[in-house]
Amino acid sequence: MNNFSYQRAATLSDVVGKSTFVAGGTNLLDLMKYNLSNADTLIDVNALTDFHAIEEVPDGLRLGSLATNADTAYDSLVENRYPLLSKAILAGASAQIRNMATNGGNLLQRTRCYYFYDAHAPCNKRVPGSGCSAIKGYNRNMAILGTSDQCIAVYPSDMSVALSALDAVVNVSGLNGERSIAFEDFHRLPGDTPEIDNNLQPGELITSIDLPEKTFTKNYSYLKLRDRSSYAFALISVASALELEGDTIQEARIALGGVAHKPWRVKEAEQYLTGKKTDRQNFAAAADIILQGAVGFEHNAFKIELAKRAIIRNCIMALDPSTQLPGAQPSA
Amino acid sequence: MAQIGQPISRLEGKLKVTGAAKYSGEYNVPDLLYGYVVNSSVTKGKIVTIHTGDAEALTGVVKVFTHLNRPGTAWFDMQYSDMDAPPGAPFRPLHNEEIKFNGQPIALVVAETFEAARQGASMIRVDYQESAFETDLKKHLDAAREPKKGMATMLKPPPPKPTGDFEKAYAEAAFKASAEFTHGTEHHNPMELFTTTTLYDGKGKLTIYDKTQGTINCQLYVGNVFGLHFKNVRVVSPFVGGAFGSGLRPQYQLFLSVMAALDLKRHVRVTLDRSQMFTFGHRPQTVQYTRFGATAGGKITALNHRSVAETSQFEDYTENVANWSPMIYPAGNTLLEQKLVPLDVNSPTDMRAPGGCTGLHAIEATMDELSYKLKIDPLELRLINYSTFNTAENKPYSSKQLKECYLQGAEQFGWSKRSAEPRSMRKGHKLVGYGMATGIWDAMQLPARAEAKITKDGKLHVKSAVTDIGVGTLTVMTQIAADEFGLPMEDVVFSYGDSKLPFAPIQGGSFTTATVGTAIVFASKALKKKLLKIAKSSNPGFKDAEPEELVFKDGLMLYKEHSVTLLELVAANKDKPVRTTNLGYPHALKLRKYSRAVHSASFVEVEVDEELGSVKVTRALTAVAAGRIINPKTARSQVLGGMVWSISKALMEETILDANLGKYMNQNLAEYHIPVHADINELDVLFVKEEDKVINELGIKGVGEVGLVAMPPAIANAIYHATGKRINQFPIHFDKLIDL
Numbered sequence: 005m006n007n008f009s010y011q012r013a014a015t016l017s018d019v020v021g022k023s024t025f026v027a028g029g030t031n032l033l034d035l036m037k038y039n040l041s042n043a044d045t046l047i048d049v050n051a052l053t054d055f056h057a058i059e060e061v062p063d064g065l066r067l068g069s070l071a072t073n074a075d076t077a078y079d080s081l082v083e084n085r086y087p088l089l090s091k092a093i094l095a096g097a098s099a100q101i102r103n104m105a106t107n108g109g110n111l112l113q114r115t116r117c118y119y120f121y122d123a124h125a126p127c128n129k130r131v132p133g134s135g136c137s138a139i140k141g142y143n144r145n146m147a148i149l150g151t152s153d154q155c156i157a158v159y160p161s162d163m164s165v166a167l168s169a170l171d172a173v174v175n176v177s178g179l180n181g182e183r184s185i186a187f188e189d190f191h192r193l194p195g196d197t198p199e200i201d202n203n204l205q206p207g208e209l210i211t212s213i214d215l216p217e218k219t220f221t222k223n224y225s226y227l228k229l230r231d232r233s234s235y236a237f238a239l240i241s242v243a244s245a246l247e248l249e250g251d252t253i254q255e256a257r258i259a260l261g262g263v264a265h266k267p268w269r270v271k272e273a274e275q276y277l278t279g280k281k282t283d284r285q286n287f288a289a290a291a292d293i294i295l296q297g298a299v300g301f302e303h304n305a306f307k308i309e310l311a312k313r314a315i316i317r318n319c320i321m322a323l324d325p326s327t328q329l330p331g332a333q334p335s336a
Numbered sequence: 199m200a201q202i203g204q205p206i207s208r209l210e211g212k213l214k215v216t217g218a219a220k221y222s223g224e225y226n227v228p229d230l231l232y233g234y235v236v237n238s239s240v241t242k243g244k245i246v247t248i249h250t251g252d253a254e255a256l257t258g259v260v261k262v263f264t265h266l267n268r269p270g271t272a273w274f275d276m277q278y279s280d281m282d283a284p285p286g287a288p289f290r291p292l293h294n295e296e297i298k299f300n301g302q303p304i305a306l307v308v309a310e311t312f313e314a315a316r317q318g319a320s321m322i323r324v325d326y327q328e329s330a331f332e333t334d335l336k337k338h339l340d341a342a343r344e345p346k347k348g349m350a351t352m353l354k355p356p357p358p359k360p361t362g363d364f365e366k367a368y369a370e371a372a373f374k375a376s377a378e379f380t381h382g383t384e385h386h387n388p389m390e391l392f393t394t395t396t397l398y399d400g401k402g403k404l405t406i407y408d409k410t411q412g413t414i415n416c417q418l419y420v421g422n423v424f425g426l427h428f429k430n431v432r433v434v435s436p437f438v439g440g441a442f443g444s445g446l447r448p449q450y451q452l453f454l455s456v457m458a459a460l461d462l463k464r465h466v467r468v469t470l471d472r473s474q475m476f477t478f479g480h481r482p483q484t485v486q487y488t489r490f491g492a493t494a495g496g497k498i499t500a501l502n503h504r505s506v507a508e509t510s511q512f513e514d515y516t517e518n519v520a521n522w523s524p525m526i527y528p529a530g531n532t533l534l535e536q537k538l539v540p541l542d543v544n545s546p547t548d549m550r551a552p553g554g555c556t557g558l559h560a561i562e563a564t565m566d567e568l569s570y571k572l573k574i575d576p577l578e579l580r581l582i583n584y585s586t587f588n589t590a591e592n593k594p595y596s597s598k599q600l601k602e603c604y605l606q607g608a609e610q611f612g613w614s615k616r617s618a619e620p621r622s623m624r625k626g627h628k629l630v631g632y633g634m635a636t637g638i639w640d641a642m643q644l645p646a647r648a649e650a651k652i653t654k655d656g657k658l659h660v661k662s663a664v665t666d667i668g669v670g671t672l673t674v675m676t677q678i679a680a681d682e683f684g685l686p687m688e689d690v691v692f693s694y695g696d697s698k699l700p701f702a703p704i705q706g707g708s709f710t711t712a713t714v715g716t717a718i719v720f721a722s723k724a725l726k727k728k729l730l731k732i733a734k735s736s737n738p739g740f741k742d743a744e745p746e747e748l749v750f751k752d753g754l755m756l757y758k759e760h761s762v763t764l765l766e767l768v769a770a771n772k773d774k775p776v777r778t779t780n781l782g783y784p785h786a787l788k789l790r791k792y793s794r795a796v797h798s799a800s801f802v803e804v805e806v807d808e809e810l811g812s813v814k815v816t817r818a819l820t821a822v823a824a825g826r827i828i829n830p831k832t833a834r835s836q837v838l839g840g841m842v843w844s845i846s847k848a849l850m851e852e853t854i855l856d857a858n859l860g861k862y863m864n865q866n867l868a869e870y871h872i873p874v875h876a877d878i879n880e881l882d883v884l885f886v887k888e889e890d891k892v893i894n895e896l897g898i899k900g901v902g903e904v905g906l907v908a909m910p911p912a913i914a915n916a917i918y919h920a921t922g923k924r925i926n927q928f929p930i931h932f933d934k935l936i937d938l
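Protein chains in written order, with the numbering used here: chain A, 5 to 336; chain B, 199 to 938.
The hints are simulated quantities; they were obtained by calculation from the structure and are not laboratory data.
Among the hints, erroneous ones may be present.
[Unchecked claim] A few chain B positions that, by computed beta-carbon distances, are all more than 10 Å from chain A:
#1 K220
#2 I248
#3 H265
#4 E313
#5 G402
#6 V691
[As the list claims (entries may be wrong)] Computed from the model, here is a short list of chain A residues facing chain B with C-beta under 7 Å:
#7 N7
#8 S9
#9 R313
[Said to hold, decoys possible] Below, computed lysine-lysine pairings styled on DSBU-like, alpha-carbon distance capped at 30 Å:
#10 A/K140 <-> B/K337
#11 B/K336 <-> B/K374
#12 B/K298 <-> B/K261
#13 B/K336 <-> B/K934
#14 B/K791 <-> B/K728
#15 B/K571 <-> B/K625
#16 A/K281 <-> A/K271
#17 B/K923 <-> A/K140
#18 B/K774 <-> B/K728
#19 B/K220 <-> A/K37
#20 B/K657 <-> B/K723
#21 B/K657 <-> B/K726
#22 B/K212 <-> B/K698
#23 B/K772 <-> A/K140
#24 B/K244 <-> B/K336
#25 A/K312 <-> B/K923
#26 B/K244 <-> A/K37
#27 B/K728 <-> B/K698
#28 B/K887 <-> B/K497
#29 B/K537 <-> B/K336
#30 A/K140 <-> B/K244
#31 B/K657 <-> B/K772
#32 A/K281 <-> B/K751
#33 B/K298 <-> A/K140
#34 B/K347 <-> B/K788
#35 B/K751 <-> A/K37
#36 A/K280 <-> A/K312
#37 B/K625 <-> B/K923
#38 A/K37 <-> B/K261
#39 A/K37 <-> B/K298
#40 B/K772 <-> B/K654
C-beta: ideal position from N, C-alpha, C; glycine also.
Chain A with its partners taken away, still in its complex shape:
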């Protein structure tokens, strides 16, 4: 870890155009201790009070980028109107980390790929062109969708899986002013530039995340499959949100975590479910569509079939959200 200078930003104009920002620091400090991030200056943005609030806006709810994950998950507006988001946040990290981590930081957290975290192993995400150790290494927790021959890392956020399903919008501020990015356009696939995680431009700061009107308060579920019940990243996670009329699906949203370099959503599968009955076969057919093109590696091929089963189970749990267990564990 290197020495660095620390500045506290008071206003947005102190911030835009600069780097590196620190808010909760729950990921950045790890990266610094591992000598993976060596910023000379950290700009602490926590004092930007405009971005702490969780407030109603005409078409939905605005989550301040600096609100903590814990405050967001337990906020009564979020709990009542976007319970899927609350469940997903609470399935992530640990209570201590959620108390520190912010919403903006959650979106920007980096992969947990072992090889990325090892300063000496070849890794195209860390050192472009150095190679990918994961493809022929231990890849049980790596991606099966949207991979490239450069990188098979997974984006680890739980919160973002729900945000993706809810069609959230990311509001950012930069030297060229403000802009809004649809959630599905925020994170990137690795392609030939695995070192770039998202479409944020240098010097841009996430100011807030907007949740649109559709809340899916009646039929939703978040399921997370992992090796222990808390403080473990998802091998597979699924966010399901359904709008029903009787047992007919009016609208379906399904997003996967733990399988790709970004939350994975396949609109075609959601369209397939529209107008269909809420039966297992239909969910299974949607799962097949979602997993189309999936490619497994030596240790993670199981994810393809397991993801399908997780989708089916989670959509069934969404029919009766009371079946969801704490920690987003499979229903009893």
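Got chain A sorted already, so can you dock chain B onto it with the hints?
Frame of chain A; chain B shown alone:
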């Protein structure tokens, strides 16, 4: 009231939970220097150039130590050997340019602040000449060879010689079960980081605060390696935040801290960070093979257990994986083998029930498999093969109440509600399984010394260099000493964790209570004799008394109708404390006719999601026969801890080794998975009554490892019962349990 048998809470508990307990990294003195270690990023080869200039130029950095400027240390391998050293040449930090394993310490940056030391460490650049390496055990099984023998072999004897004719008996057996088992590397990962704070007291005298399981072990090591007089080296370790075996050997931060303190004539602290804890001892990778044969009635006739484990290229670390089966099940035909494959890794080290929890998995899963083939209930199969005779040593056990563990455990668990067939019990879309397994661990005792002293305030002071690695040693020793003199706990002071106190061996192997407790009994006996001598000269009523006739109670020494207070006795000694130091030791002559072991049986219920594979250990019970239980509360905690580690071992824990890179990849607690609270459901412990009049004065066997040997296979067996899938690789990942 007798203190032994009381569920007394840890005497140091409040200090620990309030943060008042001081650990080795918390002894702060003015002008303390901080050392940060640089580790090799290659697995094998040579350091060609090590560029230390940038680090040396950094403000605050005092000195950078490498193999090029390391101060001179001892010449001979023997001088680097410690009480737990396996046969071979112990690793010497900064010895020369050669790299023997990934993460090998290659430099120490010493600075005025921790931050400067850490930054300096990140500025060191190394040019290596790399060589080909091998770290994958499975690729090199054909290179397996017999382990070398040495001092360590005394505590870990090789497997007994073959008996009968295994191959013939196995060929003829009516029922057979055979399997291969794979266990990966694991690291101890105690909560407390490894830290040594060395205070340079001038004139080559050192006070060393070290995280260790043996103060005297470290004292001797430092004395030998640095050519210091033992009396000038004091190693102190009053609180240890877990160790699990990783503190049995002096670790490299001790060497480096002492080296820097002596060279710079300053106080130096060296702390290893979490990932650096993955660069020393670990549980070795193993592959095991079993072949068990039985008669149609379920009598085991043939036992074959082979294990192949990794070791380093420089030491033959061996743990007893394959010794156990004939200690549990009498069979006329046995063939047991333990072999090693040297790989380019650091030497493995004892870790949480070393060997036992590896070997028992294979034995008890094979027994389980056999039970299904025989169509005999797994518990019944154990009872059919029950014996209080140890066929491995051809001796009876000094005591063995394992049958009561089986029976009382089964009753309390509700084993009779188990339906025989796999996949026959379910709850919603969860498959439910019951599994059980047997546990065994050696009931060892080593020699140790203890001091006992009565002071003029009537208090009893008892002393031993032994550590308390968090298991309740302070409390338990105080109880033992209190009962020797009929005193309340408040009147007994137990001093420990300091090498200047009477000799105690390293704390491990579940032998500490028997070892140090016996030393306290011996010292107490001697002290009673001294007190009697004083009484005889000052109180005619005691003239004819023999030490065995004395009764100690409420601060009094009683003989028939005569009594004298301990206060009066010290007064009669001119107010000088009455004191004695004695050696406590096992009664070799009495014991040689017996085998000694502690036993357990675990019963486990699991639920497995049929579609998704998710596993939950919903409840478990471990019944233990461990002789006399000094403190049911700390003993229960020990076994509960072992049960939590059992869930860890069976389902979660693994150090991921990338054989392409020759290194461990998940070097942090986010990725090295151990259970969280939400993974732990109903756990219970049952101690069955077991009296052992032979084993030692107190009838103690020791609990610790025994909590971790039976439950991992019981979990595997429960998973088989639930799913019909026999997964012989630990940890059992949930994705192995679904039909793909």
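Where does the structure disagree with the numbered hints, that is, which hint numbers, in rising order?
4, 8, 14, 23, 32, 35
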